[in-house]
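The lines below spell out each chain.
There are 2 protein chains.
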Amino acid sequence: MSFTDVLFGRPLASSDERAEHIGIAAGIPIFGLDALTSAAYGPEAAMTLLIPMGIAGLDHIVPVISAILILLVIVFFSYRQTIEAYPGGGGSYTVATENLGAGAGLLAAAALMIDYILTAAVGISAGVTALTSAVPELHNHRLSICLVILVVLTIVNLRGVKDTGAAFIIPTFLFVGSLLAVIVVGTVHFYLSGGHPVPVVIPPPPAATTVKYLTLWLLMKTFASGCAAMTGVEAVSNGVMAFEEPRAKKAQRTLSIIVVTLIVLLFGITWLSKAYGITAMEPEAHNYQNVLSILTTAIFGRGWFYYLTMGSVLLALSLSANTAFADFPRLARAISMHDYLPHVFILRGRRLLYSHGIYALTGFTAIILILFGGVTDKLIPLYAIGAFLAFTLSQAGMVVHWLRMEKHPGRLWHMFVNAFGAVATGITLVVVLIAKFMAGAWVTALLVPFLIVIMMVVKRHYTRVKREMKDMTPLNLTNLQEPIVVIPMARWDRIAEKALRFGMVMSQDLKVVHVHSDDEPMGLEEEWGDKIIAPIQKEGLRIPELVTIPSNYRFIINPLMDYILELEHNNPGRKVAVLLPELVVRHWWENALHNQRVQLLKLLLLLKGNQRIVVVNIPWYL
Amino acid sequence: MSFTDVLFGRPLASSDERAEHIGIAAGIPIFGLDALTSAAYGPEAAMTLLIPMGIAGLDHIVPVISAILILLVIVFFSYRQTIEAYPGGGGSYTVATENLGAGAGLLAAAALMIDYILTAAVGISAGVTALTSAVPELHNHRLSICLVILVVLTIVNLRGVKDTGAAFIIPTFLFVGSLLAVIVVGTVHFYLSGGHPVPVVIPPPPAATTVKYLTLWLLMKTFASGCAAMTGVEAVSNGVMAFEEPRAKKAQRTLSIIVVTLIVLLFGITWLSKAYGITAMEPEAHNYQNVLSILTTAIFGRGWFYYLTMGSVLLALSLSANTAFADFPRLARAISMHDYLPHVFILRGRRLLYSHGIYALTGFTAIILILFGGVTDKLIPLYAIGAFLAFTLSQAGMVVHWLRMEKHPGRLWHMFVNAFGAVATGITLVVVLIAKFMAGAWVTALLVPFLIVIMMVVKRHYTRVKREMKDMTPLNLTNLQEPIVVIPMARWDRIAEKALRFGMVMSQDLKVVHVHSDDEPMGLEEEWGDKIIAPIQKEGLRIPELVTIPSNYRFIINPLMDYILELEHNNPGRKVAVLLPELVVRHWWENALHNQRVQLLKLLLLLKGNQRIVVVNIPWYL
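Each protein sequence line maps, in turn, to chains B and E.
The UniProt record's numbering puts the first residue of the first sequence at 1, with every later residue one more than the last.
The UniProt record's numbering puts the first residue of the second sequence at 1, with every later residue one more than the last.
Treat the hints as calculated values from the structure; they're not laboratory data.
Some clues are possibly wrong.
Same chains, same label: a pair holds when it works inside one copy or across any pair of copies.
27 Å max Cα-Cα, derived DSSO-like pairs, lysine-lysine [claimed, not checked]: (1) Lys498 <-> Lys511; (2) Lys498 <-> Lys470; (3) Lys531 <-> Lys511; (4) Lys608 <-> Lys511; (5) Lys470 <-> Lys459; (6) Lys470 <-> Lys538; (7) Lys466 <-> Lys608; (8) Lys274 <-> Lys602; (9) Lys466 <-> Lys498; (10) Lys459 <-> Lys274; (11) Lys531 <-> Lys466; (12) Lys212 <-> Lys498; (13) Lys511 <-> Lys602; (14) Lys602 <-> Lys498; (15) Lys531 <-> Lys470; (16) Lys249 <-> Lys162; (17) Lys212 <-> Lys538; (18) Lys459 <-> Lys538; (19) Lys274 <-> Lys608; (20) Lys608 <-> Lys459; (21) Lys511 <-> Lys470.
Produce the entire structure from the sequences given, and follow the hints as far as they go.
Here you go:
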């Protein structure tokens with residue numbers, strides 16, 4: 001078993017595909033981690049904006065989160081329908097393309113690609129930030145730690161979807177389980193104490209009230225920030241193909257479990273925070289704790305359970321990046337099936353995965369992590385935009401879909417759900433865009449059109465190539481003529497002999513070209529007669545032409561190129577085959593000992609040549 | 001006129017060579033600057049070691065420098081004879097190789113290469129050090145300034161030897177002229193004042209005496225340090241070929257002028273220092289000035305002449321690196337003519353220079369400057385070793401040379417001069433090695449054998465290639481058989497048609513190979529009958545064989561390689577030509593849109609293939 005096999009698993013045959021499909025238990029960690037971990041930062045994101053209102057802010061947080069949960073339910077129903085309607089997967093991109101046209105599809109594609117790359121980068125760096133807060137000695141190594149986690153995620157994902165699910169099940173259930181325990185125990189305390197629970201540890205006091213009234217602008221910003229809690233919900237719809245049969249049903253059930261769990265976590269955390277009088281703290285405060293930490297301490301104190309909960313949150317956050325690894329390659333494949341991205345994304349690697357998508361995601365994530373030195377917290381506003389753009393397009397697409405399915409029972413009800421969802425998420429998108437524009441959403445607003453232009457250029461290239469290459473006509477056998485064979489020859493040696501022998505088999509029309517520099521004592525003429533002409537004459541074969549080109553300036557390549565191009569020009573309709581002897585050395589460093597003119601000539605012949613010039617490499621093994 | 005022509009000059013024809021040869025006036029700056037500038041630091045290097053003796057040290061400095069001058073005269077006569085005996089140039093390397101054998105030649109070669117690279121690096125950084133002492137704001141940019149000077153030197157040298165001479169004549173004569181003025185005026189003052197000249201500005205007082213007696217060890221170290229004054233003397237002997245006819249005579253005269261000037265400068269500076277009671281200062285002293293600066297101030301005061309002199313010293317020092325540019329390429333050429341270095345060093349570039357030697361020197365010098373951050377003062381001890389090793393070998397070689405020239409008049413006298421020189425420089429070499437071993441000479445002692453091993457490996461490679469390639473036998477025309485042509489084909493399109501047409505011209509024996517992956521809906525079979533077989537049958541030509549290889553694991557390259565290698569194995573004595581269609585895109589980035597399997601296959605065929613497998617590139621221009 002090779003090292004590659006140990007690291008990435010043995011290669012899988014195409015017929016193994018069925019066995020690689022996953023069930024619901026593996027589907028939740030693979031496609032749900034990104035959505036579920038939103039519970040860890042979503043409520044806090046909204047509560048942070050209410051800090052200036054002090055304790056009064058708590059009155060507004062439950063309504064805001066409830067509004068977000070209603071939106072979440074709408075989006076959930078919409079995606080459930082999408083999964084049923086498009087069991088081939090592809091999510092927003094497919095739905096938008098098929099129903100709203102290529103333009104809307106590209107918009108969704110660009111939004112989702114940005115979303116996934118940011119999910120990977122932000123997830124990893126969020127985990128590492130939590131880790132370095134706990135162990136400050138690691139602070140200077142955060143970028144390295146981020147990159148190590150990225151490499152580990154890449155390797156795990158290159159092993160295939162089944163192994164990935166197995167690896168992530170425990171961290172996911174630990175995360176969900178410990179948060180549920182906090183919520184359940186907190187709720188029990190609340191009711192046992194008659195609505196006035198006594199915290200084990202008193203939470204830090206709320207900040208002084210500096211803003212008295214909730215303005216519309218503040219409400220919008222709070223709502224927009226809280227919407228971060230909804231990212232990741234579209235993941236399942238992109239990955240339907242990964243599930244075992246009955247595919248759509250299993251995917252739907254996975255999505256249902258994920259969304260119900262997410263609703264419980266989001267509402268539970270928010271409601272308990274209000275019940276215990278917990279407000280968010282300024283992140284710059286010297287004794288800063290996040291809301292989850294304060295809440296867990298209030299309910300359980302600082303015992304082993306506190307550390308278990310915090311540890312599982314940290315682990316789940318950094319693994320949430322994995323959802324991007326599960327979806328990005330599938331998305332890239334769907335896009336390149338329509339010729340909008342390089343075709344490599346369609347190829348499946350040794351483990352039946354779209355490996356190039358994984359490489360691309362790893363590359364882009366690494367670039368972002370390096371650019372921002374592993375501190376990607378500022379990127380969080382960017383990626384709600386991508387998610388909501390995808391939500392809106394997907395649901396608008398579904399409306400058109402139902403319009404077309406005239407016979408489908410309950411079509412109007414489905415259409416109503418999707419239309420309502422499209423309008424709601426569309427409005428949210430505008431709100432988020434306005435509220436977060438200066439904070440960084442403008443970057444996404446620039447990147448999306450940029451990506452769309454790239455995809456259109458790629459499409460144009462492929463369309464042209466297909467048009468030019470397509471040949472459904474039968475083989476054309478007219479005008480089959482021997483090529484003119486050109487053999488550049490510096491001196492008479494064994495590789496020159498090999499080339500000449502090969503040339504004589506290929507064609508009767510041979511030109512041996514010798515570029516003669518004034519520096520050299522003698523040309524080929526000396527040996528030409530005895531060594532070359534004589535044996536050929538004896539066999540009665542046609543004698544090759546010796547072309548000697550003088551070169552005053554010791555240039556070899558240019559006169560040779562000029563000669564070949566002229567020859568081609570003067571013999572319209574004939575092919576010119578250039579035989580290039582090539583020394584193959586035993587060790588790479590030996591290449592430095594031979595001049596690389598042949599490589600340069602090959603390159604120039606490709607660049608300056610045309611359809612009628614063919615290069616034949618005659619290798620000589622040293 | 002292109003940009004290249006403006007920067008490097010128009011290309012020169014081989015027949016222009018005569019016009020590129022130089023006379024004595026250009027020879028002095030090109031080959032003499034390194035030797036002449038030794039006057040600026042040689043006496044000081046010796047005097048620095050006598051600082052602990054205080055004013056008493058002055059009694060010893062003139063005898064030490066006199067001993068060095070005697071050695072210099074011996075070496076001078078020796079090199080004069082070498083020039084006459086070897087008008088083809090090559091200096092120590094050629095002399096040692098021809099008379100003492102290849103081993104001694106390699107030793108000289110390694111020593112000289114190290115010497116030249118260090119000369120370039122130390123020269124440039126010495127100049128920059130002087131500049132940054134004068135303008136401390138530039139201190140943080142010293143490495144950048146070093147590299148800029150290196151690039152300028154490279155460009156000037158790439159223009160050719162004649163232009164280089166012209167550029168350097170004025171700085172050289174300014175340097176020599178101002179130092180001569182100092183010496184002449186100082187001497188006149190000395191005699192006019194009856195042996196007790198009155199300095200215009202009183203020199204700093206000598207250090208307190210801490211060492212009373214001159215020990216043998218201190219004398220040895222002083223002598224070894226002063227020997228730095230002799231470096232660069234071998235330069236002319238390496239460059240004899242650059243001179244116009246009568247070549248040897250002009251080179252000898254150039255060498256004579258250089259050495260006589262150097263002797264005057266060295267003795268003058270040393271003797272006047274004693275006369276004016278000037279001792280060296282600790283380089284770490286806060287008001288440090290070098291001996292030249294103190295001497296010039298004592299004789300002329302701090303007027304414009306002082307600044308002219310100091311400026312010309314600075315300029316000459318940084319240009320002294322140029323001697324390495326003049327000699328290194330010629331040395332590399334001589335070594336690679338014996339197959340000990342890559343043959344590129346033999347090629348002459350567009351300006352009739354051994355351009356690759358210039359590139360190599362620039363590269364190595366840049367590496368050293370970057371490694372040491374432009375502070376290369378510590379490298380000075382290293383390069384006296386190289387110079388003296390070359391002196392000794394060259395003169396020992398000349399002894400053998402005279403032994404063989406039995407008829408030469410005055411042979412015994414010549415032999416005596418060279419033998420005396422060899423012994424003297426040999427002893428000096430040992431003294432320098434011992435005195436400077438810990439200070440850095442050990443680096444040279446390690447580098448020399450390392451370089452020798454590299455040169456021997458290169459030689460072994462070339463010898464093997466020559467043995468294997470040499471073919472003085474006539475063209476062998478037996479067993480001229482058509483190759484088996486293999487055409488990998490993924491689908492039937494226009495480039496496949498082009499390849500097939502070319503293959504049919506090449507051979508009757510065609511194999512169209514289709515690797516069929518389970519992922520793909522259909523193979524080639526569908527179109528094979530109608531589109532390919534039918535027209536061929538109609539023309540009555542031989543039908544190619546369709547080979548379909550199933551691939552469960554979606555690998556394309558491996559099954560194809562296996563098939564080709566097996567085919568070759570089963571058909572001993574036949575050539576196998578693999579026709580590889582290659583898309584040539586219009587813009588480089590378009591390559592990312594096509595998979596690069598063909599490139600990989602070409603590479604694998606070269607690496608795993610053998611003498612009987614030939615690759616034919618069929619280009620298709622998009």
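With 27 Å as the alpha-carbon cut-off, assign the pair Lys459 and Lys538 to within, between, both or neither. Neither way: Lys459 and Lys538 sit 59 Å apart in one copy and 39 Å across, limit 27 Å.
Have a look at Lys498 and Lys470 and pick one of within, between, both or neither, based on CA distance no larger than 27 Å. Classified as between: cross-chain Cα gap 12 Å, same-chain 37 Å, threshold 27 Å.
Same-copy or cross-copy closeness of Lys466 to Lys498 [CA-CA at most 27 Å]: between (39 Å within a copy, 16 Å between copies)
One pair to classify: Lys470 and Lys538, alpha carbons no more than 27 Å apart. Within, between, both, or neither? Answer is between: at 23 Å across copies they meet the 27 Å cutoff, but 48 Å inside does not.
Indicate which option fits the pair Lys212, Lys498 if close means a Cα-Cα distance not exceeding 27 Å: within, between, both or neither. Neither. Shortest intra-copy (92 Å) and inter-copy (79 Å) distances fail the 27 Å Cα cut-off.
Please sort Lys608 with Lys459 into within, between, both or neither, judging by C-alpha distance up to 27 Å. within (26 Å within a copy, 37 Å between copies)
Please work out whether the CA atoms of Lys274 and Lys608 approach to 27 Å or closer within one copy, between two copies, in both situations, or in neither? neither (74 Å within a copy, 71 Å between copies)
Indicate which option fits the pair Lys274, Lys602 if close means a Cα-Cα distance not exceeding 27 Å: within, between, both or neither. Classified as neither; 74 Å inside a copy, 68 Å across copies.
If the cut is 27 Å between Cα atoms, do Lys459 and Lys274 qualify within a copy, between copies, both or neither? neither (53 Å within a copy, 83 Å between copies)
If the cutoff is 27 Å on CA atoms, where do Lys466 and Lys608 land: within, between, both or neither? Let me know, please. within (23 Å within a copy, 33 Å between copies)
Check Lys470 against Lys459 for me: Cα-Cα at most 27 Å, and say if that holds within a copy, between copies, both or neither. Close inside one copy (16 Å), not across copies (53 Å); limit 27 Å.
At most 27 Å between C-alpha atoms: does Lys212 with Lys538 qualify within a copy, between copies, both, or neither? Answer is neither; intra-copy 110 Å and inter-copy 93 Å both fail.
In this structure, the earlier hints numbered 8, 10, 12, 17, 18, 19 are contradicted, and the remaining ones agree with it.
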